[in-house]
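**Q** What follows is each chain in one-letter form.
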Amino acid sequence: MRAFLEGHIFIISFTFLVYFLAQRLQKKTKLIILNPILVSIIIIIVFLSLLKINYEVYHEGSKLIDFFLKPAVVSLGVPLYLQLEKIRKQTLHIFVSQLAGCIAGIVSVVLIAKAMGAPHEVILSLAPKSVTTPIAIEVSKAIGGIPPLTASVVIVVGIFGSIFGYAIMKLFGINNPVSQGLSMGTAAHAVGTSKSMEISPTFGAFSSLGLILNGIFTAILTPYILELMGFWIKF
Amino acid sequence: MIIQCVIIFGCLALGELIVSITGLKLPSSIIGLILLTVFLKIGWVKIKWVKGISDFLSSNLAFFFVPSGVAIMLYLDVIRDSFLPIVVAAFGSTVIILAVTGWVHQIIRKKL
Chain A
5 MRAFLEGHIF IISFTFLVYF LAQRLQKKTK LIILNPILVS IIIIIVFLSL
55 LKINYEVYHE GSKLIDFFLK PAVVSLGVPL YLQLEKIRKQ TLHIFVSQLA
105 GCIAGIVSVV LIAKAMGAPH EVILSLAPKS VTTPIAIEVS KAIGGIPPLT
155 ASVVIVVGIF GSIFGYAIMK LFGINNPVSQ GLSMGTAAHA VGTSKSMEIS
205 PTFGAFSSLG LILNGIFTAI LTPYILELMG FWIKF
Chain B
8 MIIQCVIIFG CLALGELIVS ITGLKLPSSI IGLILLTVFL KIGWVKIKWV
58 KGISDFLSSN LAFFFVPSGV AIMLYLDVIR DSFLPIVVAA FGSTVIILAV
108 TGWVHQIIRK KL
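Line order of the protein sequences matches chains A and B.
Take any residue in the first sequence, count from 1 to its spot, add 4: that is its number in the numbering used here.
Take any residue in the second sequence, count from 1 to its spot, add 7: that is its number in the numbering used here.
By construction, these hints were calculated from the structure, which means they are not laboratory data.
Glycine residues also receive a C-beta, built at the ideal position from the N, C-alpha and C atoms.
Check each hint, because a few of them may be wrong.
Below are the SDA-like pairs computed for lysine to any residue, each with C-alpha atoms no more than 25 Å apart in a straight line [as the list claims (entries may be wrong)]:
| no. | chain 1 | residue 1 | chain 2 | residue 2 |
| --- | --- | --- | --- | --- |
| 1 | A | Lys56 | B | Asp84 |
| 2 | B | Lys58 | A | Lys32 |
| 3 | A | Lys32 | A | Lys145 |
| 4 | A | Lys90 | B | Met80 |
| 5 | A | Lys90 | B | Val95 |
| 6 | B | Lys48 | A | Lys56 |
| 7 | A | Lys34 | B | Lys48 |
| 8 | B | Lys53 | A | Gly121 |
| 9 | B | Lys32 | A | Lys90 |
| 10 | A | Lys67 | B | Ser66 |
| 11 | A | Lys145 | B | Val95 |
Computed spacing ranges between beta-carbons, pair by pair [stated by the list, open to error]:
| no. | chain 1 | residue 1 | chain 2 | residue 2 | range |
| --- | --- | --- | --- | --- | --- |
| 12 | B | Val95 | A | Ala7 | 42 to 48 Å |
| 13 | B | Val45 | A | Lys32 | 19 to 25 Å |
| 14 | A | Leu21 | B | Gly59 | 38 to 44 Å |
| 15 | B | Trp56 | A | Ala7 | 25 to 31 Å |
| 16 | B | Trp56 | A | Lys67 | 45 to 51 Å |
| 17 | A | Met233 | B | Ile49 | 33 to 39 Å |
| 18 | B | Ile10 | A | Tyr59 | 35 to 41 Å |
| 19 | B | Phe16 | A | Leu86 | 20 to 26 Å |
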């Protein structure tokens with residue numbers, strides 16, 4: 005029994021099943037807070053703890069799922085290409101505002117965390133927190149953060165953004181639909197984008213553009229911004 | 008199906024190659040993403056060759072990072088020790104990004 009529970013096949017099937025049920029739960033309840041990733045992570049952690057299965061065993065078994073992260077990031081090139089074809093005339097506006105948002109995000113999260121006395125590795129883990137998890141994890145690995153911490157913060161930030169994002173933008177007088185969609189994708193990645201999709205496909209399209217561009221900018225700029233801010237980073 | 012895998016994994020492999028040759032501080036997957044976009048743009052890769060696999064991967068993106076998230080169980084003490092800085096920094100910075108991106112976009116849209 006033990007060998008079965010600790011085997012690859014059980015671990016992978018169990019992860020699929022939990023995620024499927026978590027998705028159903030959100031569809032039924034329509035509660036943003038019941039994000040399927042968040043719910044799955046909690047259920048799996050509780051399950052592993054109850055059965056006293058080590059994280060290392062789970063990690064070994066779930067490597068095959070992990071493996072698809074990198075090709076999944078590469079495949080984002082297709083929606084990016086399709087969006088770029090659509091927005092030709094607005095490319096400059098969008099690139100500049102994305103760049104501003106990206107830099108503001110990294111600098112602000114690092115400054116606030118540092119001012120509040122967070123340890124070095126926690127600050128590094130927070131730096132890529134606004135981009136879609138696969139990219140954030142890769143950046144976190146590259147700069148010496150704690151990738152699982154980054155992943156959890158990314159998800160929480162996405163949920164926060166999708167619940168309060170549009171209200172916050174209204175408060176700041178951001179009324180243009182293109183600006184709203186872009187900002188949502190920049191600040192709250194895929195979770196924010198799913199909220200934009202609910203409003204309209206146009207919002208969703210700009211949101212997904214924001215999420216991919218900010219992902220690329222964050223991956224390229226984070227190490228250099230941190231260096232400029234006086235962080236010693238080991239690669 | 009195989010051609011799709013050749014393209015996606017080919018871009019990823021090229022990304023790894025570029026990282027290992029140049030020592031660039033970038034994840035190989037990001038370079039792969041940029042390469043795929045460029046290849047589509049210049050017409051070396053046709054959209055119909057990669058549509059199926061990319062729809063599958065990008066629409067199920069969320070599932071693939073569940074295992075990475077589970078590793079948080081190893082860092083619960085780190086979170087407990089820095090709970091307030093993490094929450095304030097993450098939420099505060101999210102509000103700042105929304106404002107900065109939105110404002111900059113609205114301003115240059117009118118000016119240009």
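**Q** State for each hint whether it applies.
**A** Tested hints:
no., hint, verdict
1, A:Lys56 / B:Asp84, "holds, 18 Å"
2, B:Lys58 / A:Lys32, "violated, 30 Å"
3, A:Lys32 / A:Lys145, "violated, 36 Å"
4, A:Lys90 / B:Met80, "violated, 43 Å"
5, A:Lys90 / B:Val95, "violated, 37 Å"
6, B:Lys48 / A:Lys56, "violated, 51 Å"
7, A:Lys34 / B:Lys48, "violated, 38 Å"
8, B:Lys53 / A:Gly121, "violated, 50 Å"
9, B:Lys32 / A:Lys90, "violated, 31 Å"
10, A:Lys67 / B:Ser66, "holds, 20 Å"
11, A:Lys145 / B:Val95, "holds, 23 Å"
12, B:Val95 / A:Ala7: 42 to 48 Å, "holds, 45 Å"
13, B:Val45 / A:Lys32: 19 to 25 Å, "violated, 42 Å"
14, A:Leu21 / B:Gly59: 38 to 44 Å, "violated, 25 Å"
15, B:Trp56 / A:Ala7: 25 to 31 Å, "violated, 42 Å"
16, B:Trp56 / A:Lys67: 45 to 51 Å, "violated, 28 Å"
17, A:Met233 / B:Ile49: 33 to 39 Å, "holds, 37 Å"
18, B:Ile10 / A:Tyr59: 35 to 41 Å, "holds, 38 Å"
19, B:Phe16 / A:Leu86: 20 to 26 Å, "holds, 21 Å"
Violated hints for the displayed structure, listed by number in ascending order: 2, 3, 4, 5, 6, 7, 8, 9, 13, 14, 15 and 16.
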